[in-house]
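**Q** Now for the letters of each chain:
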Amino acid sequence: MIPAAISALLLQLLHVALALAAAPLLVGSTRFAKSRLQGRRGPSPIQPYRDLLRLLRKETVLAHDASWIFRVTPYLVFSIMTVAAAMVPMFVLDLPLARAGDLIAIVALIATARFFQSLAGLDIGTAFGGIGASREALIGSLAEPAVLMVAFALALVAGTTALPAIARFVLSGGVGVEVSLALALIAFLIVAIAENGRVPVDNPATHLELTMVHEAMVLEYSGRNLALIEAAQMLKLLVFISLISALFAPWGMASAEDGLDFLEVLAGIAVFGLHLLVAAILIAAVELAIAKMRVFRVVEFLGGAFILAVLAVVFRFVTEAS
Amino acid sequence: MLTLTLLGLLLLVALGLAAPFLRPHRLAPRLVHGLTGAMALALGVAAAIRLLAGGDVSELDLPFGLPWTGVHFRLDDLSCFFMAAINIASPMVMVFADGYARRQAEPARALAPLPVFLAACNLVLLANDAFVFLLAWELMSVATWLLVLANHRDAESRNAAFVYLAMASLSLLLLLLAFGAVAGGDGDFRFSAMREATERPALATVAVLLAMLGCGVKAGLVPLHIWLPLAHPAAPSHVSALLSGVMVKIALYGLARILFDLVGPPVWWWGVTLVVAGALSALLGILYALMQRDLKRLLAYSTIENVGLVVFALGLSLSFRANELFDLSALALAAALAHVLNHAFFKSLLFCGAGVIHEATHERDIEKLGGLVRRMPYTSLFMLMGALAAAGLPPLNGFVSEWLILQAVFASSSLQDNLPRLIVPLTGAALALTAALAAAGFVRAFGIAFLGRPRSEAAAKAVEPTGSMLTGLALLAGSCLVLGVFPVIGLKLAESAAHGVVGVDLPAGAIGWLFVSPLGSGGAAYAGFFVFLAILGMALGVRAFLGRIWPERRRRAAAWDCGFPDPNPATQYTASGYSQPLRRVFATSVFQARETVDMPPPGDARPAHLEVRLVDPAWNWGAEPVRRAIEAVTLRLNALQFLSIRRYLSLMFAALVTLLLIVAAGQQ
Numbered sequence: 052m053i054p055a056a057i058s059a060l061l062l063q064l065l066h067v068a069l070a071l072a073a074a075p076l077l078v079g080s081t082r083f084a085k086s087r088l089q090g091r092r093g094p095s096p097i098q099p100y101r102d103l104l105r106l107l108r109k110e111t112v113l114a115h116d117a118s119w120i121f122r123v124t125p126y127l128v129f130s131i132m133t134v135a136a137a138m139v140p141m142f143v144l145d146l147p148l149a150r151a152g153d154l155i156a157i158v159a160l161i162a163t164a165r166f167f168q169s170l171a172g173l174d175i176g177t178a179f180g181g182i183g184a185s186r187e188a189l190i191g192s193l194a195e196p197a198v199l200m201v202a203f204a205l206a207l208v209a210g211t212t213a214l215p216a217i218a219r220f221v222l223s224g225g226v227g228v229e230v231s232l233a234l235a236l237i238a239f240l241i242v243a244i245a246e247n248g249r250v251p252v253d254n255p256a257t258h259l260e261l262t263m264v265h266e267a268m269v270l271e272y273s274g275r276n277l278a279l280i281e282a283a284q285m286l287k288l289l290v291f292i293s294l295i296s297a298l299f300a301p302w303g304m305a306s307a308e309d310g311l312d313f314l315e316v317l318a319g320i321a322v323f324g325l326h327l328l329v330a331a332i333l334i335a336a337v338e339l340a341i342a343k344m345r346v347f348r349v350v351e352f353l354g355g356a357f358i359l360a361v362l363a364v365v366f367r368f369v370t371e372a373s
Numbered sequence: 176m177l178t179l180t181l182l183g184l185l186l187l188v189a190l191g192l193a194a195p196f197l198r199p200h201r202l203a204p205r206l207v208h209g210l211t212g213a214m215a216l217a218l219g220v221a222a223a224i225r226l227l228a229g230g231d232v233s234e235l236d237l238p239f240g241l242p243w244t245g246v247h248f249r250l251d252d253l254s255c256f257f258m259a260a261i262n263i264a265s266p267m268v269m270v271f272a273d274g275y276a277r278r279q280a281e282p283a284r285a286l287a288p289l290p291v292f293l294a295a296c297n298l299v300l301l302a303n304d305a306f307v308f309l310l311a312w313e314l315m316s317v318a319t320w321l322l323v324l325a326n327h328r329d330a331e332s333r334n335a336a337f338v339y340l341a342m343a344s345l346s347l348l349l350l351l352l353a354f355g356a357v358a359g360g361d362g363d364f365r366f367s368a369m370r371e372a373t374e375r376p377a378l379a380t381v382a383v384l385l386a387m388l389g390c391g392v393k394a395g396l397v398p399l400h401i402w403l404p405l406a407h408p409a410a411p412s413h414v415s416a417l418l419s420g421v422m423v424k425i426a427l428y429g430l431a432r433i434l435f436d437l438v439g440p441p442v443w444w445w446g447v448t449l450v451v452a453g454a455l456s457a458l459l460g461i462l463y464a465l466m467q468r469d470l471k472r473l474l475a476y477s478t479i480e481n482v483g484l485v486v487f488a489l490g491l492s493l494s495f496r497a498n499e500l501f502d503l504s505a506l507a508l509a510a511a512l513a514h515v516l517n518h519a520f521f522k523s524l525l526f527c528g529a530g531v532i533h534e535a536t537h538e539r540d541i542e543k544l545g546g547l548v549r550r551m552p553y554t555s556l557f558m559l560m561g562a563l564a565a566a567g568l569p570p571l572n573g574f575v576s577e578w579l580i581l582q583a584v585f586a587s588s589s590l591q592d593n594l595p596r597l598i599v600p601l602t603g604a605a606l607a608l609t610a611a612l613a614a615a616g617f618v619r620a621f622g623i624a625f626l627g628r629p630r631s632e633a634a635a636k637a638v639e640p641t642g643s644m645l646t647g648l649a650l651l652a653g654s655c656l657v658l659g660v661f662p663v664i665g666l667k668l669a670e671s672a673a674h675g676v677v678g679v680d681l682p683a684g685a686i687g688w689l690f691v692s693p694l695g696s697g698g699a700a701y702a703g704f705f706v707f708l709a710i711l712g713m714a715l716g717v718r719a720f721l722g723r724i725w726p727e728r729r730r731r732a733a734a735w736d737c738g739f740p741d742p743n744p745a746t747q748y749t750a751s752g753y754s755q756p757l758r759r760v761f762a763t764s765v766f767q768a769r770e771t772v773d774m775p776p777p778g779d780a781r782p783a784h785l786e787v788r789l790v791d792p793a794w795n796w797g798a799e800p801v802r803r804a805i806e807a808v809t810l811r812l813n814a815l816q817f818l819s820i821r822r823y824l825s826l827m828f829a830a831l832v833t834l835l836l837i838v839a840a841g842q843q
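Residue numbers (the numbering used here), protein chains in the order written: chain A, 52 to 373; chain B, 176 to 843.
For reference, chain A alone in the conformation it holds in the complex:
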């Protein structure tokens, strides 16, 4: 029998390793699904690994004006995203780092990553970096109130914003069909789309600089710096998908509280893999179905998410009062 502390630590390491390994595959499968749906053959799902590896081996070209902030940012953003990924339950509830912060802390960590990335965009002093940072600020400030209202709705339903506790509550079946949870889910999906720069808010595959948001901010990066930034972006998508699965569909997660079963962990991993696959296909389908919006239309899109989340809270009040 392995002591609980060591097994928890091992599981946490496994969790981080799996997250790091799965993130490029997730993005690769999304691209793969998208090209298949478009009738193209498309690159294989493991293409992102090859891209990252190639970038890591390449020479780094730094602009003359790049300061230490530009050089530190890729490492910081990557590690912040990794820590955020480590804090979200994926296939096991109650990992050690899941106690280190609740939903709000994770959102704040992602905001910290955005803070540094925007600074790096401004650092070289090119207009594209500035335009990206400026639009990212707009999207971020519209998304954050919506996330908070979602967190509020969840706190009302489950009584806490700690992720394992919410997941446990949903698992316990005490929820039933809850209108406010459904509304919160839709709001959170919209936020996830915006935060990850997917269509219709931003197009990750765009080649036209003037329409870029995220890509414009990281335009000056190359070599291993770019690899780290790209990996962080992939991890961010993974974090949001695992947040959705932990908050709204935590079925199949192993519970670490009463001793861990090896099979349970394996089952948890399998279910989580399934979730990722479904997410990849859904993202591909949604991106094909709608076109990218004008920047100022995003305000209405994210405003809609906010209103839905407010409705989720109000519904909860109404049903509680009756």
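Relax, there's no trap hidden among the hints.
With beta-carbon atoms standing in for the labels, derived distance ranges:
1) B:GLU770 <-> A:ALA68: 49 to 57 Å
2) A:GLN98 <-> B:LEU689: 40 to 48 Å
3) A:GLY355 <-> B:ARG328: 52 to 60 Å
4) A:ARG348 <-> B:TRP796: 31 to 39 Å
5) A:THR370 <-> B:TRP796: 38 to 46 Å
6) B:THR646 <-> A:ARG348: 45 to 53 Å
7) A:THR370 <-> B:THR178: 56 to 64 Å
To list a few chain B residues with every Cβ distance to chain A over 12 Å, as calculated:
8) MET176
9) PRO199
10) ALA228
11) ASP231
12) LEU237
13) THR244
14) ASN498
15) GLU538
16) SER825
17) GLY841
Quick caveat, the hints were computed from the structure, so don't treat them as lab data.
All C-beta atoms in this analysis are idealised placements derived from N, C-alpha and C, irrespective of residue type, glycine included.
With chain A's structure known, arrange chain B on it following the hints.
**A** Chain B only, in chain A's frame:
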């Protein structure tokens, strides 16, 4: 300890009075700053120790002053907390001032009022009757006025000082009436009498409203904030740091003292009023900060935002208290107090940093800065930490208190009154928007001022400061980091003070060295140390790992910029351009932001112009009509100056008869 504290304050006043005579001496600034800092440090540390050790309330009555009142002092947990909060950051500001003030045009002008200002602020905390409270309050106002006037040759400074003085007098008047309403007809102005009153004073509603307005003016609550964005930039930077870090906090203390202690058990709408006013201040403050080009004015508006956050949390605490949810009330109050402490550190840091920039470039307009990160690496590192803290991002200290405030918001569903139950979540969403806008605002402030290429000659020649200026910044930045990574230090103080006020402890183990879990174990938790350690370890680990497998090859080249790099600094993004999308979305209705574009037709060689105009509604609809009304009335009353002696005598007689009639009516 109370006697010692009072003696210390007396020493500070004496130091202030002696300063003009020391002035010719070369070492006078160093002596005054050093002694003031040392005294503040002693006061702050003593107060913190007393608070943590759980000392008893000590009172002291002195037999002088007004014959029927005497002078009363008292030191309890709330005043101890504020004493620690304002006095521990100010020695660091004094270290900074030692290097900074010497470079000012007339350093001696701020020298004498400085110790008096600090003494007056501390005296407000010790007051145990309305007389001492208001006297100290006014002494604080006058000292502040002198400090703001330090650059008196500048017409803008004079105007700022005048507006400040007018608003400070308004605040005094409102508080005077508030205390009058609490004390009632018998006029016992001792706080102990107000505290012991078993029934709520008849005029409590009036008193509470007046106190909110009076303290709100001083704290800079929207729409009473008009003096704050004028006075902060006008003063020298170390003074701005003290205004934000100390004086505004005293106003919040006054609010907490009156509402939590003196007027008896709260009614539900007190809390709701403060919650709405606080959220409004926070949101409008940060929106306005986003539109500013003047670095210090931007920071001043951010102070309004943070005051709003604290007032919001105070209101939440009152709402919980009105519903007899005492443990949640303690949580919200502790969150408010923790934010008071954290804000004192990071805002002092940012103002001192703005002073460093101004010293190095003689420029406060961020559109004319840029590229400072290469010229001033240490300053930029410290300012980055301050910006992260002010943006409320982990792992710095600003995040911890904002997170606690949000946790209190999440608990608001246990309120019983329906109105606050609906208002608190919605205002909570306003706070989330505030937090996001704050992050954008500080990306803008730091990114435009420090990053990119220099936008002016002065910015290209900036030099890193040395000695005490840099040490002061380092101390403040270090405190922000320590308070963020080990939030227990600040939270223990806040918790003890909240315990003293509400009488309830937070759940056992709520605030530990590693974990902060305000609602007890099992609830939401935050572990600043682990988060910090994990991020740092991961970043260093990845760097070492990659460097070992594929040794890095690095080359410097021209920027890519999609193939068309233009070295002209004017091609960079500007601060106004950065905030343009946010301005369009949020400021069009609130501030009536209007853009006029003057685009010459093709072939015309004159430059195009973009003009943006913003209106502060508080000025246009609040202060301006009042000013005009006062002007109209005074012009009319001017005629009274030119009457004959007969008329004056008859006026006096009429006044006497009226007063006698009122007295007679009162005795019936």
